[in-house]
Amino acid sequence: MILEAINISKYYGEFCALKDVSIGIDEGEFVSVIGPNGAGKTTLINVLTGFLKPDAGQVNFRGKDIAGKGPEELSTMGIARSFQLVHIFPELSLINTIKVAIISRQAKGMRLFASLARDKEVHEQALEVAELFGLADLLEETAKNCPQGIKKLLDVASAFALHPEIILLDEPTSGVSTSDKNKIMQVLVDASKKIGIKTVLQVEHDMDIVFSYSDRIIAMQQGKVLADGSPAEVEKNEEVICTVVGQKECFQTFNRIMSMNREERA
Amino acid sequence: MKKTGIVFLLLILAFLLVWPFIGPEYQVYLTLSFFAYSVALLGFNLLFNYTGLLSFGHALFIGVGGYTAAFLTSRFHIPYMEVSILVTILLSGVVAILIGLICVRYIKIYFAMLTLAFGMLFHSFLMKTYHLTGGDEGMSVEQPYLLGMDFSSMDQMAFFSGPYYYYSLGVLILASIAMWRIVHSPFGLCLTSIRDNPDKAEYLGIGIRKYRLLAFIISGCFTGVGGVLLAPITGHMDPGMVFWTHSGDMVFMTLVGGFSNFFGPMLGTVIFITLRDVISSYIEYWRLIFGALLAAIVILSPGGVIEVLTNLFTLIRRKIMAGENAS
Ligand SMILES: Nc1ncnc2c1ncn2[C@@H]1O[C@H](COP(=O)(O)OP(=O)(O)OP(=O)(O)O)[C@@H](O)[C@H]1O
Ligand SMILES: [Mg+2]
Chain F
944 MILEAINISK YYGEFCALKD VSIGIDEGEF VSVIGPNGAG KTTLINVLTG
994 FLKPDAGQVN FRGKDIAGKG PEELSTMGIA RSFQLVHIFP ELSLINTIKV
1044 AIISRQAKGM RLFASLARDK EVHEQALEVA ELFGLADLLE ETAKNCPQGI
1094 KKLLDVASAF ALHPEIILLD EPTSGVSTSD KNKIMQVLVD ASKKIGIKTV
1144 LQVEHDMDIV FSYSDRIIAM QQGKVLADGS PAEVEKNEEV ICTVVGQKEC
1194 FQTFNRIMSM NREERA
Chain D
8 MKKTGIVFLL LILAFLLVWP FIGPEYQVYL TLSFFAYSVA LLGFNLLFNY
58 TGLLSFGHAL FIGVGGYTAA FLTSRFHIPY MEVSILVTIL LSGVVAILIG
108 LICVRYIKIY FAMLTLAFGM LFHSFLMKTY HLTGGDEGMS VEQPYLLGMD
158 FSSMDQMAFF SGPYYYYSLG VLILASIAMW RIVHSPFGLC LTSIRDNPDK
208 AEYLGIGIRK YRLLAFIISG CFTGVGGVLL APITGHMDPG MVFWTHSGDM
258 VFMTLVGGFS NFFGPMLGTV IFITLRDVIS SYIEYWRLIF GALLAAIVIL
308 SPGGVIEVLT NLFTLIRRKI MAGENAS
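Respectively, the protein sequence lines represent chains F and D. Quick note on our numbering: the first sequence kicks off at 944 and runs consecutively. Quick note on our numbering: the second sequence kicks off at 8 and runs consecutively.
Accuracy of the hints is not assured; some may be wrong.
To be verified - Straight-line alpha carbon distances no greater than 27 Å define the calculated DSS-like cross-link-like pairs of lysine-lysine that follow:
| hint | chain 1 | residue 1 | chain 2 | residue 2 |
| --- | --- | --- | --- | --- |
| 1 | D | 9 | F | 1087 |
| 2 | F | 1087 | D | 326 |
| 3 | F | 1063 | D | 10 |
| 4 | F | 1094 | D | 115 |
| 5 | F | 1136 | F | 1051 |
| 6 | F | 1167 | F | 1012 |
| 7 | F | 1141 | F | 1124 |
| 8 | F | 1063 | F | 1007 |
| 9 | D | 115 | F | 1012 |
| 10 | D | 9 | F | 1063 |
| 11 | F | 1137 | F | 1124 |
| 12 | F | 1137 | F | 1063 |
| 13 | F | 1126 | F | 1094 |
| 14 | F | 1094 | F | 1141 |
| 15 | D | 217 | F | 996 |
| 16 | F | 1007 | D | 10 |
| 17 | F | 996 | D | 9 |
| 18 | D | 217 | D | 10 |
| 19 | F | 1179 | F | 1167 |
| 20 | F | 1124 | F | 1087 |
| 21 | F | 1063 | D | 217 |
| 22 | F | 1094 | F | 1136 |
| 23 | F | 962 | F | 996 |
| 24 | F | 962 | F | 1051 |
| 25 | F | 1051 | D | 217 |
| 26 | F | 1126 | F | 1137 |
| 27 | F | 1136 | F | 962 |
| 28 | D | 217 | F | 1012 |
| 29 | F | 1007 | F | 1126 |
What the hints assert, rightly or not - Derived Cβ-Cβ restraints for the label pairs, each shown as a range:
| hint | chain 1 | residue 1 | chain 2 | residue 2 | range |
| --- | --- | --- | --- | --- | --- |
| 30 | F | 1061 | D | 305 | 33 to 41 Å |
| 31 | D | 292 | F | 1091 | 30 to 38 Å |
| 32 | F | 1058 | D | 324 | 24 to 32 Å |
| 33 | D | 113 | F | 999 | 24 to 32 Å |
Think of the hints as simulated: they come from the structure by calculation, not from any bench. Keep in mind it's a predicted model, so treat the numbers as computed, not measured. Glycine included, each C-beta is placed from N, C-alpha and C at the ideal position.
Bound-form chain D, shown alone (with noise of 0.2 Å):
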C-alpha cells in the first residue's frame, strides 16, 4: 500500500476510535451497521471483484449468522460473541460448500441466478420452519458476552456506543486485515487469473472450480461473521434479512463505493447506511432514489465514489505540489 494510502486509513481509525466520545448518540449507532456490513462485504467482494462472480444471494449467508446468534442467545442461552462466530464460521463454511459445489460450476449470469434461487430457498425454509426460526415474526436475539463480560447491567445504548462498538471495531480491523492478506496472496493472484481468462487460467494448471469453490467458501465466512455482528444491533431476525433485495443492498453498497478497491465497499455502507437513513425519513420510496443514484453512478464514474474520491484526492495533491514549485 501506499503511504498516503496508510494515512488515510490511520486517519480514519483514528476518528473511528474517538467518534463514539464525540458522535451523537444515534450516529454512532448507525456506524455499528457500518461495521457489520463492510465484514460483510468482505466475502462478498472477495468473489465480486476477485474472483470475478456476482452472487445475488448473500444475505444467505447474513442469514447463517443472523440466525446462529438468535439460536445461540435467545435458545440456547449461550450468550457468548466469540462462540456465534466460532459457529457461524463452520456452518457458513458448511452451507457456502454445499451451495457452492453446485454454484461455482456456473458462472456470469447462471451462477448469479443460482445464488439467488438458494438465498430465495433459504428464506422459504425460514418462513416456513416457524416452530424451530418463527416463521416471519423472527426469533430475538439477546444481547451477547463479549470476550466473557456480561454488560446486561448496562442501559443498551451505552452499551452499543461503548463495548460493543470497539468490539465490532476490532472484528472488522481483523478481518480486514485477514482478506487484504488473501487477496494479495499467491491464492489471490490465481483467483484475479481465473477472473480475467480461466482458459488461459487452466492452461497454467490452476483448478478453476476448486478455487471457486474456496474463495466461495471463504466469502461465505466472512459474509457470516458480519451477520452475527449485525444481529445484536437489530436486536431480532427475520426472514427479511435474506430476501433477495437485502442481497440486492449488497450489491447496490459495493458498487456504489466502488468494487474494484479493497476499501470501495465500505465506503459504499457508510453512503446506503446513511443515506436511507437520511432519504427514509422523508420519503417512503427510498429504493427509488437509491436506484437513480446507483444508475448515475455506473454511467458516471462505475468505479464508484471511492474512484472519484481518490481522483480528487490526486488532482488536488498535484496542485498543491504544483503551487509549492511555483513558489
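Bound conformation, chain F alone (with noise of 0.2 Å):
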C-alpha cells in the first residue's frame, strides 16, 4: 500500500468533515473519489497531502507516519497534487511555472548566481512537461493572462512534473466542457504513463468518467466513506448512485447512460 489513511477524523470547529474515514491506496491503481458537494473529498485530500492535521487517526505512505510532515515534505518524498480551485503562480510564465517544479526536483532551488536561463537541463524537462499537456505554444504566456482551461493544465502539469510516485488530483476537469473532459482525462492518462507516475487519485464528478477511468472508486457522503470497491461492483450499489447523482429516480437512468456511452466506444 503506496498511500493509507487509518481512522481519520476532521473537525471544522464543532462541525466534523470527516468521520473515522480508512482508505487505502494501492501502488498502481487509479482511484477515483465521488460525493456530492461537500462530502468531504477535498477535505481528504487535504489530510493526505499534510495541507491540515486530522484530528484523530494516521497517515501512511509507504508504511510511515506522516504526522507532523507538510506539504513541502510530502512533495519531497513523492506526493503530489493538484487543486480544486486552481493555484498558480498569476506573475509567472507558463515555462517557469513548471520549471519552479523542476528546480524543485532537481533540488536546484538554492542556487543563488547560477543562470536559470542557461539551464538546459531544466528547460529541456520543463519543454517536455509542457509538451505532454499541449502547453508548448504558450510557453511564455503569463499564467493569469491565460483561459481558466489553460490555468488547470497548468496546475496540474506543474505537479507532475515533479516525478511524483503518487498525484492526488482535486477534479482535475471540473470548469470544464463535456467534450473537453475526456480529451484532458487522456492527457492526464497518457502523461502519467510518459512520466512514469503509476498511482493516481482522483476527485471527479462526471461519472462517465469516472466509470471508465478508475480501476476503483471511493464514494463519499457527510464525512464517512459510502462504498469502495471496482466500479463494477459499485455501479450495482443504488444507494450511492443515488446519493452522489442526487435524485430518487436515478439508479435506472443512470445505468441506461452508462450502458449507452459503453455501446458509443465499444
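Given two chains presented individually in distinct reference frames, assemble the corresponding complex, making use of the accompanying hints.
Put into C-alpha cells, the structure is as follows:
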C-alpha cells in the first residue's frame, strides 16, 4: 500500500468534515473519489497531502506515519497534488511555472548565482512536460492571462513535473465543457504513463469519466465512506448512485446512460 | 535583457563616468547618495518585489552599515573601506538571521509591522547606549582609505567627486551584477513563485520559510553595504538614520521609481534625492509634497516613473519606425 488513511477524523470547529475515514491506495491504482458537494473529498485530499492535520487517525505513506510533515516535505517524498480551485503563479510564464517544479525536483533552488536561462537540463525537462500537456505553444504566456482551462492544465502539469510516486487530483476537469473532459483525461493518463506516475487518486464528478478510467471508486457522503470497490461493484449499488447523482429515480436512468456510453465507445 | 535596454544602460554608465568632469561639484556630490541608496534598494527590492515582503524597517540595515563604518573608522581607527564593507556584510547577515527567524513567519501587514518594530527597537538601542554610540549626538565617520589608499591629503570635495565617486560607482555596478544574477537564478524564480502563491509553491516542494529567510539575509546585506557607502558622505551617523521615516523614504523611492522593474528603484533614488534637494530649499514641509507625489503615482501609474518612461520610449520608437516605413 502506498498511501493509507487509518480512522481519520477532521473537524472544522464543531462541524465534522471527516468521520473515521479509512482508505488505502495500492501502487499502480487509478482511484476515483466521488460524492456530493460537501462530502469531504477536498478535506480528505488536504489531510492526505499534509495541508491539514487530522484531529484523529493516522496517514501512512509507504507504511510510515507522515504526521507533522507538511506539503513541502511530502512533495519531496513523492506526493503531489493539484487543486480544485486552480492554484497558479499569476505573474509567472507557463514555462517558468513548470520550471519551479523541475528546480525543486532537481534540488537546484538554492543556486543563487546560476543562470536559470542557461540551464539546459531544466529547460528541456520543462519543455517536455509542457509538450505532454499541449502547452508548448504558450510557453511565454503569463499564467494569469490564460483561459481557465489552461490554468487548470498548468496546475496539473506543474504537479506532474515533480515526477511524484502518487498524484492526487482534485477535480482536474471541473469547469471544462463535457466534450473537453475526455480530452483532458486522456492527456492526464498519457502523461502519467510517459512520466511514470503509476498511482493516481482523483476527485471527479463526471460519472462517465469515473467509470471508464478508474480501477477503484470510493464514494463519500457527509464525511464518511459510503462504498469502496471496483466500478462494477459500485455501479450496482443503488444507494451510492442515488446519493452521488442526487435523485431518487436516478438509478435506472444512470444505468441506461452508462450502457449507452459503453456502446458508443465500443 | 533586450538590446535597447543594454544600449540604454551603457549610455547611462558612460554619462556617469564623465559626470564628475562636466557636472557642478554639488550635484556630483549628490550623485554619491544616489549610488549608496541604489545599493541599499537592490536589497530592499529583493524582498519587496521578488519575495512579496514589504519591510518597513530596512533603514535598520543602513544603520548597521553606517555605524560599522563609524565604529571602525573613528573608534578603532581602521580606515579601510573594504574592511567596513566585509564587517557590515557579516553583521547585517547576523542581524538579518536573528530578526528574520521571527519575521518570516509572518507576511503582509504583519511582516511590515514586525520589521517596523525591530527598526524602532534598534533606534532606541542606539539612543540608549550613548556611551557606545553617542546617543542622539551620533558618531563621526572618518574619511576612509579606498583599496588601501589614503586620500586624506586631498580636499574633501575633491575626494568625493574623484576617488570616492568612482569607488561608489564600482560598488554599485558589482552589487547590481550580483543582484541581477540572484533574481535570474533558480533561487530567484522560486522566490517569485512564493510571492505569487505560497501554498502552491509549498506543494511543489519549495520550503517557503527557508527561502524567505535567505532572501531577508541577502536583502539585509545589500542594504547594509548601501549604509557603508552612505556613511562617509554624511560624515556622521546618528539614530535618525534608522528612524522609521528613513525606512519610509526607502519605500517611497522604490514605489516612485517602480518596484516591478529591476532598475526602477534606482530611478526612484534620483527622483527622491533631486526633489528633496530642490523642494526643501523652498519649503520646510517637503514631505507634504512627496506624499502628494506618491499618491499621484500610485493612482496614475502603479508601475512607477520607470513604467511611464519605458511606455513613452516604445511609443516614440514606434512613431519613428512608422515614419521610416512611410517614407
Ligand atoms: N475551512 C473550512 N472551514 C469550515 N468548514 C469547511 C472548511 N472547508 C470545508 N468545510 C466544510 O466541510 C465540508 C466538506 O468540505 P469539502 O471541501 O471537503 O467538500 P467536497 O467534498 O470537496 O465538496 P465539493 O464537491 O463541493 O468540492 C463542507 O460542508 C464544507 O462546507
Ligand atoms: Mg472539493
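Hint check:
no.	hint	result
1	D:9 / F:1087	23 Å, holds
2	F:1087 / D:326	30 Å, violated
3	F:1063 / D:10	23 Å, holds
4	F:1094 / D:115	25 Å, holds
5	F:1136 / F:1051	26 Å, holds
6	F:1167 / F:1012	24 Å, holds
7	F:1141 / F:1124	21 Å, holds
8	F:1063 / F:1007	36 Å, violated
9	D:115 / F:1012	25 Å, holds
10	D:9 / F:1063	21 Å, holds
11	F:1137 / F:1124	20 Å, holds
12	F:1137 / F:1063	21 Å, holds
13	F:1126 / F:1094	16 Å, holds
14	F:1094 / F:1141	24 Å, holds
15	D:217 / F:996	22 Å, holds
16	F:1007 / D:10	54 Å, violated
17	F:996 / D:9	48 Å, violated
18	D:217 / D:10	35 Å, violated
19	F:1179 / F:1167	19 Å, holds
20	F:1124 / F:1087	22 Å, holds
21	F:1063 / D:217	26 Å, holds
22	F:1094 / F:1136	22 Å, holds
23	F:962 / F:996	14 Å, holds
24	F:962 / F:1051	41 Å, violated
25	F:1051 / D:217	14 Å, holds
26	F:1126 / F:1137	16 Å, holds
27	F:1136 / F:962	34 Å, violated
28	D:217 / F:1012	16 Å, holds
29	F:1007 / F:1126	36 Å, violated
30	F:1061 / D:305: 33 to 41 Å	37 Å, holds
31	D:292 / F:1091: 30 to 38 Å	50 Å, violated
32	F:1058 / D:324: 24 to 32 Å	28 Å, holds
33	D:113 / F:999: 24 to 32 Å	30 Å, holds
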